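K.L.:
The lines below spell out each chain.
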Amino acid sequence: MKIGIDVGGTHTDAVVVDGNNIIAAVKSLTTEDISSGITHALESVLNEEGVESSNIQAVMIGTTQFTNAVVERRHMNPVAAIRIGRQSSAAVPPKVGWPVDIDACLGSEVFMLEGGYEYHGGPICPLDDREVDALIKSLRARQIGAVALCGVYAPVNAEQENAVADRIKAELPEVDITLSHQVGRIGLLQRENAALLNASLMGLSKKVIRAFQSALKSQAIQAPLFISQNDGTVMTASYAEHFPVLTFSSGPTNSMRGAAFLSGLRDAIVIDVGGTTADVGMLVHGYPRESNVAIEVGGVSTNFRMPDILPLALGGGSIVQEDGKTIGPISVGHDLVSRGRIFGGDTLTATDIAVAAGVAEIGEPARVSALSEQTVQTAMARMREMLADTVDRIKTGDQPLSVIAVGGGAFLVPEDLPGAESVLRPGNAGVANAVGAALAEIGGEVEMLYVPGKTSRGDAIAEATRLATVKAVEAGACSDTTRVTDIEETTLAYMAEDTERLRVKVVGQLKAA
Amino acid sequence: MSRTGISNAPKIINAEDIQDIAVGSSFLATGGGGDPYIAQLTTEQILKQSGGVELLSLDAVPDDALVVAIGGIGAPMVSLEKLGNGQEPLWALEALEAHVGRKADALISFEVGGANSLIPIAAAAQRNLPVIDADGMGRALPEMQMVTFSIYGVKGTPMAVVDEFGDSVVINARNSSAAERLVRNVSQAMGGACVSAEHMMDGATAKQVSVPGTLDLCRQVGAAIHRHRGNPSAFLQDLEGIMGGSIYGTTRVLSEGKVVDVRRKIEGGFNIGEIVLEPFGDPENPVVIQFRNEYLTAEQGGRQLAMVPDLICAIDADTALPVTAESVRFGQRMIFVGVGAPEIMRREQALEFVGPRAFDMAFDFTPLEEIA
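Chain order of the listed sequences is A and B.
Going by my numbering, the first sequence opens with residue 1, and the numbers climb by one from there.
Going by my numbering, the second sequence opens with residue 1, and the numbers climb by one from there.
So here's chain B without its partners, still in its complex pose (with noise of 0.2 Å):
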């Protein structure tokens, strides 16, 4: 079943693909990313339209091909009632291109969290474009700045955010942070949302700042899932396998148990709290989940289990589905996994913006296969 051997076939992505990948990125999306079962609606009566969209697998890029990141960025809630009219992201393409008087080659999604998965795959539909088999996370994470393309240097902007009319704000800022700030600003001023195209850069660039193969692993992790619903254990057997042929470094159950706390507030617009899991059979040693609208680290005992930027993923123990930070309740049976994150995420540059001192935790990174 794995799709990770090289051919040279194009991969092509179908209207039927759309639902695995919504579900599989929502896995690496690491408790963050939001509901993308909007999205993955949108993008499946697009592709029913316009047929399949080409998967260019990175090192196929075309060194002077410029390259576009597009995705969603705002309030998740809003995406409830604003549903959109799926032209938002070629618009914001269109007004990228205007201010730069180019037009792009490949698309690529900044991070395989949720919504933002699908969202390059909508717009490189309805222009006939490739969907570069990348993107700038290998999971999702809060900010701007925590993305590969920054990390290694490429700026953000100029940026374009549209609205659902079409009406645009191109950004221009000095730093990430600095774009961060203007785009949340913009974002409220069109109704809690909108759709940006960002982080220009050649095909050279990209194939040195993304982290390769995270859409097409999206998408075995999601027929995974959906092949053994309501069976988390055969799930779990077919992950490994999947994640052994993959970048991604050592995959682990690191607990399984019912969710005895959850604590959560709502500051500076992010989702913080922790989880405290019950572990079936060793209810003596529960294991905390720090949160920061994704899972941060799994400690037990004072010691670490697992650490950003290394995933920490979390399903249902009875459906085998996703489970989001937002929606963990109280008695909820759920198994959480440790997946080591792609070497590009782990070296001491990106450590600086993903470790876990960029999220204000007393001590530096240890990888997954280090910890015993």
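This is chain A alone, in the form it adopts within the complex (with noise of 0.2 Å):
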């Protein structure tokens, strides 16, 4: 049996799941040091009947704590930023564009060196050794703890960030390095952007894995470690130690991967209703459709492997005016329970409305049977209208859907929601995060570019799948398990000779410990 743990602001919730059953879920609260509230839900989970430490096969942990120290510019080392590709990139230096008080943690510390690739692979010149040794020599006098390489078109050719690299852990073996092609795509900046974060953050997540680390022990656990990534699946704990940025968004990715499991679906559409706003995202195959435009974590722009949500302002906690006309963006958030009107407060919230159509039974209906017939109509009706709209938008097909509801607030999505074919409500919606969490597979994913005329469409996608499946065995997926779940094609707009993009990604069950 497998443990999911998700690490929110306000809960900390762990799931126990054991095949295709869930055999305990609890609840409890996020503490200020993490760890101590992992333990405490750990210890309530082994409570259970029927659960044994000595039984669990694996601990995976969803957190928030890494976007939160980006966000709140806490916990970040300064990171010398080194761009490889000087004469065909120094127009615009790294961070260009990064608020000011997150650009100051990270020091100012730049280095432009002579090298870079063309988009084919070939090399627009070579790294001039020299500069290299002079390179080593500045950081060791200045003392520098973490470096953030990039390399112009490193992910199609790595050859030089790795050479660099060698160099530095060779003579400085101390210093944090992280190279642009392990966390980035195409797209030189934002790669750039998310190697200085990841670099920035690496004392961080030593530190937060071996809390987690030692939670597991004090529970006399001792099954392996896994950490949820943005994608849906999850890494090993040693290598999110190396690459906290790939949690930034696992919080909606996970609770979309739940929202799956518990409703049985493969291709739907989730929505997760919380207290001030709900994530509407799309299913495909199981995993959550990613994003294509930039993402921003914390005013700096990324390309980060994000799930594509659209987040709407309502949720449980939404304020509703008296006429039930307009409902939110304000929420009392976590203040319902003393705010709501059925809570004794005299605050008007979605959750009253919803309480007083009689979709739901929360606190004391009394207390909001004087409410107008109209006004909870009117506000029924608003809210059905805006999630239809959300649902209409995230939807890239017009092919029927069922939607999950899932969330603390979810019986706001009416039965009859326009555009869903369906609305399902499944058992233990409220911790779909950490069931998401518990399920997670683990993956692999590759970008190249080709030339037809040289290479065959079949070599290529041979060729990325099989350099795919080696980064998801080398995260910790059994090899005899895994399987191709997207290939995407680009054609390049304006190229004289056809160059087309390639994407896998290849994802596989997580290696019995």
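If you're looking for bench data, these hints aren't it; they were derived computationally from the structure.
Among the hints, a few may not be true.
Cross-link-like lysine-lysine pairs, in silico, BS3-like; alpha carbons within 27 Å at most [unchecked claim]: (1) B/Lys258 / A/Lys325; (2) A/Lys206 / A/Lys511; (3) A/Lys511 / A/Lys217; (4) A/Lys169 / A/Lys395; (5) A/Lys471 / A/Lys454; (6) A/Lys169 / A/Lys207; (7) B/Lys48 / A/Lys95; (8) A/Lys395 / B/Lys258; (9) A/Lys207 / A/Lys27.
Some chain A residues near chain B, calculated using beta-carbon distances under 10 Å [as the list claims (entries may be wrong)]: (10) Val96; (11) Val100; (12) Val156.
Computed beta-carbon distance windows for the label pairs [stated by the list, open to error]: (13) A/Thr326 / B/Gly244: 57 to 63 Å; (14) B/Asp282 / A/Ile330: 22 to 28 Å; (15) A/Pro418 / B/Ala189: 39 to 45 Å; (16) A/Gly453 / B/Asp282: 33 to 39 Å; (17) A/Ile487 / B/Leu182: 33 to 39 Å; (18) A/Ala211 / B/Arg227: 44 to 50 Å; (19) B/His99 / A/Gly121: 50 to 56 Å; (20) B/Ser327 / A/Arg266: 57 to 63 Å; (21) A/Ala381 / B/Val288: 29 to 35 Å; (22) A/Ile487 / B/Gly241: 45 to 51 Å; (23) A/Glu52 / B/Arg229: 54 to 60 Å; (24) A/Arg73 / B/Gln349: 57 to 63 Å; (25) B/Gln300 / A/Asp389: 22 to 28 Å.
Every value quoted in this text rests on a predicted model; they were computed, and no experiment measured them.
Think of the CB as a built atom: it goes at the ideal place given N, C-alpha and C, for glycine as much as any other residue.
Please dock the two separately framed chains into a single complex, following the hints provided.
P.N.:
Spelled out as structure tokens, the structure:
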């Protein structure tokens, strides 16, 4: 059996899953130090009947700590930015457009080296050994603790990034190194940003992963620890230590994966209704559809693999105007239990409307019985319209799809939602995040460019699949369960020689302990 | 707010104007021109160091001034990795100057579409030259022979093409189509993208063959988009005022709706396809937009609503930001706006190169204002 844990802003949820059965689920409060909250959640599930620490095969944790560190500008270390490809890219230096406060967290060390690759993988020019020598001398003299390396077209050819990293490792073994081709795709500035944020968070990631491991140890759990990442798969704890940025959007991803499992659907729309917002996303073959646009984390533009989520300012705590026509965007949030009418407060919320309309049984319904029928009907119609509109925008085709409603405010999603073939409300929907964490698989992804005249499409896909499989197995997948989950092809416009961009993702089950 | 009035003080483009010009030119690019973000960052950096650039009104260009057009050629995708070093436009200019043995007096954009509206500004800043408030299309279009300079008799070559090392090729060709073929291949050898200096002409000629006022127009349109971000109807109201004071014709919302189908293919280095828009409140009467890099025609029930060379511009119905043809996706809510092209793009001589028949369509050009 496996344990899934979701560390959220308010709650730390834990579930125990045995095969396809959820045999225990607890909700406990998130603590300031995180690890005591996890220890408490582990204690609670281990107290459930039939759950023994010796039977646990794996523990998966989803956490928002690294996202929060960037958003709050806390626990970030200074990083030297090293760009490879001065001649081809110096016009826009590293960290252009960053908010001043986060730029300051990382310091002002920037190095530009000669080198880089063309789109086809051939070198623009080779590395200059003397420049690399001088770089290492400077890093040593300035006692730099972390570096981010980013080369022009490194996702197509990573040789130069690797070569410089090898030199640094050999001479300055204590320096934390992030290579851009390991954390990002085509798009130099955004990939460089990802590498910089990652290098800056590596100090924190070592502490956090160790805290998780000691929480497991305190409960005598010998099983390996895995961490949820953005794309619905997990990585090993040691991998997460090196790539904390890959956790940035694991929360919504886990809730969507959990919704897929709880409902048994692989292609559907998921609405996760919380206290302040509803996150609406698309499940494609059991995984969240990824976003194509640049995503900002703490004001820094990135190209992380993130689910395509449309946030809607509608949650259980959304404040409703007396006439029922306007709902949100302001929410009472966690104060719902004191300010909501059904709990004796004086603020009319979306939850009060749902109770008055008879679609939810929470608090004291008598406290909202005096609401006018018209207000309740108007507000219910408005919420239906808001949700229908967002569902409509997230769809990519006019195929009929079911909606899975999860989260604490799932009752706000009406049965007859326009655009939905049906609305499902699976059991355990409140801990969908932790369920998603427990059931995640592990994957690897490769992106490459090829010229069809020189390489056949079949060969290109086979090579990308092979590389992605190697990546997945390195990350912890069992090699006989790997399968391709996504192939994306893009013809690059305007090129005289037709060039194809190919992206292949391979996913597999976690190796048993 | 209108800046179209004539004034004696020289207009200056500063670093703070670049984002407006970038977004405004993306609007006038009618779905083409690629994403101007990198060119915006590069140009901002250069202007922060050099200070502002004089924006020279077309009618103030001395008749004997040597005018040179500068811009990028190749795959916009490549600029996402090869950001450039900021010197390429300058080097292209110098390579051309060395070839002909004369120095440029003013620079001009060959198309106010995406990055190509900014590249002449960057080079002008580095050489302390003025940039002319005009271009060769008043919009973006896919090929070299569609530039007004070419249409009205200016030779595109000699043209100098450079890469990021300053390595250069000078092309001499018998006509624009031949030059277009050669430069595509040079661009490929330079890693998929390069910068070109071309279409040399004197000031007197530039006044005859250019579309005036377009850079400042981009700035105004971009400023309006930023001012009304997230409020398309307020932007459209401002747009009508801005266009009303310009050389462009009628401005009219063609359709507002949701994308229910996008078909695209890459053919001959072009992004070709069509978008089907289901208008809000009239879902039974879809609007079909044909594109070839740029939006070319908008048709509803067999009736053309607007056609090239008139501009068919697109904004996102939620953000009011311009939408390029390669980024349109199913379910997106969009507003298509028709803008009458400047008169110089509508003459018979021009329509041969930029009218519907130049894009293999079986009908003649009907101006937007004559379509009820």
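K.L.:
With the threshold set at 27 Å, check whether the alpha-carbon distance from A/Lys206 to A/Lys511 stays at or below it.
P.N.:
23 Å, holds
K.L.:
For the pair supplied as a hint, B/Lys48 and A/Lys95, confirm whether the alpha-carbon distance does not exceed 27 Å.
P.N.:
16 Å, holds
K.L.:
Grab the minimum C-beta distance from A/Val156 to chain B and call the hint holds if it beats 10 Å, violated otherwise.
P.N.:
Hint on A/Val156: holds, closest Cβ of chain B at ~9 Å, below 10 Å.
K.L.:
When you take the CB atoms of B/Gln300 and A/Asp389, is the distance between them in 22 to 28 Å?
P.N.:
24 Å, holds
K.L.:
Honestly, do B/Asp282 and A/Ile330 meet the 22 to 28 Å range at C-beta?
P.N.:
35 Å, violated
K.L.:
Are the Cα positions of A/Lys207 and A/Lys27 separated by 27 Å at most?
P.N.:
24 Å, holds
K.L.:
For the pair we were handed, A/Lys169 and A/Lys207, check the Cα-Cα distance against 27 Å.
P.N.:
21 Å, holds
K.L.:
Is the straight-line distance between the alpha-carbon of A/Lys169 and that of A/Lys395 27 Å or less?
P.N.:
47 Å, violated
K.L.:
Check the hint pairing B/Lys258 with A/Lys325 against an upper bound of 27 Å on the C-alpha distance.
P.N.:
25 Å, holds
K.L.:
Please work out if A/Lys511 and A/Lys217 have their alpha carbons no farther apart than 27 Å.
P.N.:
Measuring from Cα to Cα gives roughly 21 Å; hence the hint holds.
K.L.:
Is it true that the C-beta distance of B/His99 to A/Gly121 lies inside 50 to 56 Å, as the hint says?
P.N.:
Check failed, 33 Å falls outside 50 to 56 Å.
K.L.:
Does the hinted range 29 to 35 Å hold for A/Ala381 and B/Val288 at CB?
P.N.:
34 Å, holds
Comparing the model with each numbered hint stated earlier shows that hints 4, 11, 13, 14, 15, 16, 19 and 20 do not hold.
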